[in-house]
Amino acid sequence: MSEWKAIGQVPIDTGRLVLVDPLNADDVTRHEEEGDPSTLTYELVTNGLGVAVALMFSTGLGDGVYPVEARFEEAEGAMRIAEVRVRFLPHPVIVYELPR
8 MSEWKAIGQV PIDTGRLVLV DPLNADDVTR HEEEGDPSTL TYELVTNGLG
58 VAVALMFSTG LGDGVYPVEA RFEEAEGAMR IAEVRVRFLP HPVIVYELPR
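Taking my numbering, the leading residue of the sequence shown gets 8, the next gets one more, and so forth.
Hints are computed from structural coordinates only; laboratory data are not their basis.
Positions of the beta carbon are idealized from the N, C-alpha and C atoms, including for glycine.
A couple of the hints might just be wrong.
What the hints assert, rightly or not - Ranges of calculated distance between the beta carbons of each label pair, as one might list FRET restraints: (1) D70 / L26: 12 to 20 Å; (2) G57 / G84: 18 to 26 Å; (3) G55 / V100: 19 to 27 Å; (4) V100 / K12: 19 to 27 Å; (5) I101 / V58: 34 to 42 Å; (6) D33 / E81: 33 to 41 Å; (7) E10 / T36: 31 to 39 Å; (8) P74 / T36: 24 to 32 Å; (9) R37 / M86: 30 to 38 Å; (10) T53 / G84: 15 to 23 Å; (11) V72 / L47: 15 to 23 Å.
Go ahead and model the full structure; you've got the sequences and the hints to work with.
Okay, here's the thing in structure tokens:
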């Protein structure tokens, strides 16, 4: 198992992030137009057939540029991404962490 490695950053302007296959991005856009973002913690986004196609979630304390890390493993003779994580807290700018 490899260590976590920084692979980039993700800019957030809506206080939300979505994990989605690009093929289903239109379903997420339709969902955004119908939903109430003020109550979101996380939810599955479904398509017109009721099939879950994405996971949308709040980003800790909202807008910012968040670090993205990956952990790699060997599979089928090549190093491949095994896991990805985005750290929302502490916030990268205001450095605030929720109390324990």
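To see whether the hints hold, each was checked on the structure:
A C-beta distance of roughly 18 Å is found between D70 and L26, which places it inside the suggested range of 12 to 20 Å. Restraint check, G57 to G84: a C-beta distance of roughly 39 Å breaks the suggested window 18 to 26 Å. The given range of 19 to 27 Å is broken by G55 and V100, whose C-beta atoms sit roughly 38 Å from each other. Range check, V100 to K12: about 23 Å between beta-carbon atoms, so the 19 to 27 Å window is met.
Between I101 and V58 the Cβ separation comes to about 38 Å, which falls inside the hinted range of 34 to 42 Å. At about 35 Å, the CB distance of D33 to E81 agrees with the hint of 33 to 41 Å. A hinted range of 31 to 39 Å for the beta carbons of E10 and T36 is consistent with their spacing of about 36 Å. At about 26 Å, the CB distance of P74 to T36 agrees with the hint of 24 to 32 Å.
Distance hint for R37 and M86: a CB-CB separation of about 37 Å, consistent with the stated range 30 to 38 Å. Restraint check, T53 to G84: a C-beta distance of roughly 37 Å breaks the suggested window 15 to 23 Å. The supplied range of 15 to 23 Å is met by V72 and L47, whose beta-carbon atoms lie about 20 Å from each other.
Hint check: violations occur at hints 2, 3, 10; the rest are consistent with the structure.
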